[in-house]
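These protein sequence lines map, in sequence, to chains A and B.
Sequential numbering from 136 applies to the first sequence in this note's numbering.
Sequential numbering from 8 applies to the second sequence in this note's numbering.
Just so you know, these hints were derived from the structure itself, not from any lab.
Certain hints may be false.
To be verified - Under the rule of at most 27 Å between Cα atoms (straight-line distance), these lysine-lysine pairs were calculated in the BS3-like manner:
1) A:Lys-212 with A:Lys-307
2) B:Lys-36 with B:Lys-209
3) B:Lys-36 with B:Lys-51
4) A:Lys-266 with B:Lys-51
5) B:Lys-209 with A:Lys-179
6) B:Lys-51 with B:Lys-209
7) A:Lys-266 with A:Lys-307
8) A:Lys-266 with B:Lys-36
9) A:Lys-266 with A:Lys-152
10) B:Lys-36 with A:Lys-212
11) A:Lys-266 with A:Lys-179
12) B:Lys-36 with A:Lys-152
13) A:Lys-307 with B:Lys-51
What the hints assert, rightly or not - The following label-pair restraints were derived from C-beta to C-beta distances:
14) A:Glu-230 with B:Gly-185: 19 to 27 Å
15) B:Ala-157 with A:Lys-307: 40 to 48 Å
16) B:Ala-89 with A:His-233: 22 to 30 Å
17) B:Arg-37 with A:Ile-225: 25 to 33 Å
18) A:Ser-185 with B:Lys-36: 30 to 38 Å
19) B:Val-40 with A:Ala-267: 38 to 46 Å
Glycine residues also receive a C-beta, built at the ideal position from the N, C-alpha and C atoms.
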Amino acid sequence: MVCMELTGKPQNVVSAKDLNLVACTRCAKVWPVSASTCGRCGHKLVSRDSQSLSRVWALWVIGFMCYIPANIFPMLKTRTLFQEENSTIIGGAVELAHYGNFGIAAIIIFASVFIPLGKFWAVAYLAISIKAGSRISMNRRQMMYEVVEYIGRWSMIDIFVVAIMSALVQLKTLASINPGPASIFFALSVIFTMLSAQAFDSRLIWDAQVKDGGPGRDE
Amino acid sequence: MKDTVEPMTSTPLDELIVCPQCDAVYHLKRPRVGERAQCQRCHKVLIAPRRNAGLRIIAVALAVLVLIIGAAVFPFLSIDAAGTQNAVSVLDAALAFSGGPMIFLSLATAGLIIIAPLLRACLTLYVLVPVVLDRDPAPHAMQAFRLSEALRPWSMAEIFAIGCAVALVKVADLAHVGFGPAFWMFGILVVLVIAQDSFMCKWSVWNSLENPRTSSAPRT
Ligand SMILES: [Zn+2]
Ligand SMILES: [Zn+2]
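Given these sequences and hints, build the entire structure.
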């Protein structure tokens, strides 16, 4: 393991912004702060995206608004010989647990309820902490952000399950499964929360350190 | 481009490296193959060269290409209940949402489980093959690599594969389910996609695209 040599004195991390530099967020190439596009990969350069937080909130709100109907409307329409049944996300998981499939019920509840709600909470918390400060250390908040980015996409699993089941279970009169309207809202919710998390500029978390006059406070 | 604000450092910019996550600035010190350079503040891995990583990534990308095309076309699951049968490919699953606004969901699903992974594999080959062969980078290789990195979170083949397992358990009560060859192909795909991401050192790729040949052997 090689530790990078700091430009400033040890214990005193200097950010690119302080040196009038800007790093490309895609390819990490360093440019003077006056450059507007990355000369290497063509990506737009922004030292700190002042619009970042408003975009985070706008996408967050759309994602949240989609999440509500996703839980109210049926996710799956199951038709067998004798009955037709509509089940919501939570209803479907409860039913699975009822038949003894606790493992799968847990996966569904985790991916479709805990991950989305946790993600809404985490993104909102991070966005608020930029303006209001936070008692949670910067390293913790950075980790929170990484977890949100990594795990958020896994919520899509429920949509894929619905897709596979709807395609597979088409047994003419015997039984058929079709996607319900909740699936479209749920997919939109996942996509918008992913975009919301991507719009968040994690460098903002660390700027407070410079403002507060040095590290130490957080470690 | 206006040049009114001068950088407040005398170090040439090529000798600096900035942590993309927390914006900390460091003097560039190249780790040897197998070592890793980490940000001291947020612990993000900045550079992690691996031996023959370029060749390995190319091999994986080729395998991904073949597997996705195979899994998209051949049936990967079949169902059998009281004499009625149905077999589906990954493409069928993606197109299961039909009627009105559901079309959007079909397109999104197809994009996430087939097109995005496929495009990423193609872009990876396009970018890395010339680098590994010690040739000049392909035209627009940098834009191609940037696109490939932007697609990373939207390429969800591995999530789809786990979704298959969940769907199987849910359907198992209803009917007898059989696996087609494409099911196993998809299983292998998951492992490969995860492996591909762990080999890739983005800094080394960018560096060898910018300074072809000068950077000794490509240590992507
Ligand atoms: Zn760039
Ligand atoms: Zn860092």
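**Structure versus earlier hints, numbers of those that do not hold, lowest first** = Per hint list: 7, 8, 10, 13 and 17 violated.
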